[in-house]
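In order, the protein sequence lines correspond to chains A and B.
Residue numbering for the first sequence follows our numbering, beginning at 1429 and increasing consecutively.
Residue numbering for the second sequence follows our numbering, beginning at 663 and increasing consecutively.
Hints are computed from structural coordinates only; laboratory data are not their basis.
Since the model is a prediction, treat every value here as computed from it, not as a measurement.
Beta carbons: idealized from backbone N, C-alpha and C, even for Gly.
Be aware that a few hints might be false.
[Claimed, not checked] Covered stretches of chain A, as calculated for chain B (at least 3 residues, CB under 8 Å): (1) 1517-1524; (2) 1744-1757.
[To be verified] When the alpha-carbon atoms are kept at most 30 Å apart in a straight line, the in silico DSSO-like pairs for lysine-lysine are as follows: (3) B/821 with A/1608; (4) B/830 with B/854; (5) A/1732 with B/854; (6) A/1608 with B/868; (7) A/1608 with B/805; (8) B/792 with B/908; (9) B/908 with A/1608; (10) B/792 with B/672.
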Amino acid sequence: MEGFIYPNEVNLEWDLLIAIYPYITGLVAGAFIVSALYHVFGIAKFKPVARFSLLTALAFLLVAPLPLVIHLGRPERALEMFLRPNLVSAMSGFGYIWMAYLLLLLAEVWLVFRPDIVRYAQSSQGIKKAVYSALALGVYDISPQALATDNRIIRLLSLIGIPAASLLHGYVGFIFGAIKANPWWSTPLMPIIFLTSAAVSGIALLLVLYVTVTKLRKASLDYECLHSLALWLGGFLTLALTLEGLEVLSMLYESAESWEIIRQLITHKIAVTYLGVQYALGTLLPLLILGGAELLKRLREETKTYLRVLAAALILIGVLAMRWNVVIGGQLMSKSLRGFTSYVPPIWGEAGIITATVLMLLPFLLLAVFTYLIPPWQAEVKPPEPRKVGVWWKG
Amino acid sequence: MKVSRRQFIKIGGKNLLGAIIIWSAFPSLLQGVSSPEAVRKVSPAPTPTQRGHYWRFIVDIRKCIGCGKCVKACKLENDVPLEPEYNRTWVERYVITENEEILVDSPNAGIDGFTADYMNIKYRNLDIRKSFFVPKLCNHCDKPPCVPVCPVGATYATKEGVILVDRKGCIGCRYCVQACPYGARFLDPRLKVVDKCTWCYHRITKGLPPACVEVCPVGARVFGDLRDPESAVSKIIREETVGILKPEIGCENKVYYVGLEEGVR
Chain A
1429 MEGFIYPNEV NLEWDLLIAI YPYITGLVAG AFIVSALYHV FGIAKFKPVA
1479 RFSLLTALAF LLVAPLPLVI HLGRPERALE MFLRPNLVSA MSGFGYIWMA
1529 YLLLLLAEVW LVFRPDIVRY AQSSQGIKKA VYSALALGVY DISPQALATD
1579 NRIIRLLSLI GIPAASLLHG YVGFIFGAIK ANPWWSTPLM PIIFLTSAAV
1629 SGIALLLVLY VTVTKLRKAS LDYECLHSLA LWLGGFLTLA LTLEGLEVLS
1679 MLYESAESWE IIRQLITHKI AVTYLGVQYA LGTLLPLLIL GGAELLKRLR
1729 EETKTYLRVL AAALILIGVL AMRWNVVIGG QLMSKSLRGF TSYVPPIWGE
1779 AGIITATVLM LLPFLLLAVF TYLIPPWQAE VKPPEPRKVG VWWKG
Chain B
663 MKVSRRQFIK IGGKNLLGAI IIWSAFPSLL QGVSSPEAVR KVSPAPTPTQ
713 RGHYWRFIVD IRKCIGCGKC VKACKLENDV PLEPEYNRTW VERYVITENE
763 EILVDSPNAG IDGFTADYMN IKYRNLDIRK SFFVPKLCNH CDKPPCVPVC
813 PVGATYATKE GVILVDRKGC IGCRYCVQAC PYGARFLDPR LKVVDKCTWC
863 YHRITKGLPP ACVEVCPVGA RVFGDLRDPE SAVSKIIREE TVGILKPEIG
913 CENKVYYVGL EEGVR
């Protein structure tokens, strides 16, 4: 505690779990954007990751409500948000937006993977056959005409999915941006900042995952795809940097009543995570690395890949820091604008670092299960055999 | 001295008129002197048909002596956790130095007063221009930012404009805590639902003043009905310059402050 804070502000109410929640929904939206770039905008270079990105979005979407529910004082009343929502509350939309998006994503995944599922169901035995038959939902028509219809629906769902993903994550930005009591949050730029950083984190995650999984599968990387991912990543990162920079720059330039406390916040209280991790380590350095990987013609593709993965990993840390700086940073400063409370996440406990880590690992576990059931890699159309699918999900 | 009949009537009439004016003004003059009795007069509870947000709460900064009785009374009356980070009301101390530095503190939310040595050592060598106490509580805003954000509608305005929390409905998401510009809300650590000042709704609906108003020894807290022109709040609002906290946020607070200093927020 520093300076003066209102007595009720000693306890920081939205803790670590609420900081990782927008991180997770951001990854959902970002991963979906990659699949939409392929399915809707016809960017063919994303084909190697298009199906994988859908599964990634689904895995993270399934985990997204968990930190929220655990954080509730009365988690047993969580369903009240569906049953008697106060529709003027931005937060009451969460359940509906999440549910609608889940249905859309499930439908799209099913349609995209349907031909594979049908083939697996027809060619496998025993329990596997039962599982795939169940997943096929009784539809076995994979004639060219049926698949053409599927493709039209996939395109449509992807098209609807873009505003839906924007809503899912833009809404999170609105939750913060529309709080006039908090000058660090209250800006109409907030939803857009959240959206661009979501795209950044989603693309970065796919880049890291694609390279990692491909290495584990001992398959060969599609360098064209990596090149495209890196370019789009750099583009969205530049946009995010511009918006986030503009926000603070206009605060500085206007120098309103709240500027003094915000200045202290970003240069003192959260200087390490804001200036250090979010900007230097998570934005500027990756931009340099990505730029270098593009511009230095003499670099081998292998080296470029390592550089890109390094940049993407740094970006992922940077976006996590950005979520922290917004959610936790905004609550560190007192609404009296005269001081700061302090917050160090506990290691144990329901809102501790262990819980947050488990929640962050859960989507990867789900993703491993999904990719085992329905391998997204286009070359593999046979049912997964242990010898074929690599080492990381053996056993 | 010879006084004619005409003069006698003239002077007598003037005196009589003056006496009547003074006499009729006397009770109101008396009420202007803040006897605690006068301050505690509260109009009867509005009947359900009387809609409208007429209740006002007045805090007179000039009168507050920072004794902390209001904080204690509130905690006892409303079963508020006794720890200093859970408060429906609290008292802040403002100290303004000669070089225009504004220092604020609220040790233990003001419940023990401000006389203990450890609370005052830090001010010992300062060149202090002035100092005053600012009691705080929920402002029961007419445009409450905390109410629309509740995802389940568990916090609401009553027909009289009092902002309450339904403990059986609150899910403990704390969006309202974030939305309140005044730090008036907190999560009750026992029930895990949000709690806040109710203006002692259980008392005011029976015609009694809130507990903090009842115990204030100097009449720095006044509660009443604006529809009654003779109520203490009506008189103060007529006669004094009143202000609200953070008016730029636009919440239309129903807690008014008398003697509000620039820089208090």
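Proximity test - 8 Å, beta-carbon atoms, the region 1744-1757 of chain A to chain B, at least three hits: Not satisfied, violated; 0 residues make the cut.
Restraint check for residue 908 of chain B with residue 1608 of chain A, where alpha carbons must lie at most 30 Å apart: holds, 11 Å
Given the hint that residue 830 of chain B pairs with residue 854 of chain B, test it: the Cα-Cα distance must not exceed 30 Å. holds, 11 Å
Is the straight-line distance between the alpha-carbon of residue 1732 of chain A and that of residue 854 of chain B 30 Å or less? violated, 52 Å
Within 30 Å, alpha carbon to alpha carbon, are residue 792 of chain B and residue 672 of chain B? At roughly 53 Å apart (the allowed maximum being 30 Å), residue 672 of chain B and residue 792 of chain B break the hint.
How does the region 1517-1524 of chain A fare against chain B when you require at least three residues with a CB closer than 8 Å, holds or violated? Holds, because 5 residues of the region 1517-1524 of chain A bring their Cβ atoms closer than 8 Å to Cβ atoms of chain B.
Would the hint linking residue 1608 of chain A and residue 868 of chain B be met if the CA-CA limit is 30 Å? violated, 35 Å
Does residue 908 of chain B sit within 30 Å of residue 792 of chain B, going by the straight-line distance between their CA atoms? holds, 21 Å
Sort out whether residue 1608 of chain A lies within 30 Å of residue 821 of chain B, counting only the CA atoms. Holds: residue 821 of chain B and residue 1608 of chain A sit about 25 Å apart, inside 30 Å.
Please work out if residue 1608 of chain A and residue 805 of chain B have their alpha carbons no farther apart than 30 Å. holds, 12 Å
In summary, the structure is inconsistent with hints 2, 5, 6 and 10 from the numbered list given earlier, while agreeing with the others.
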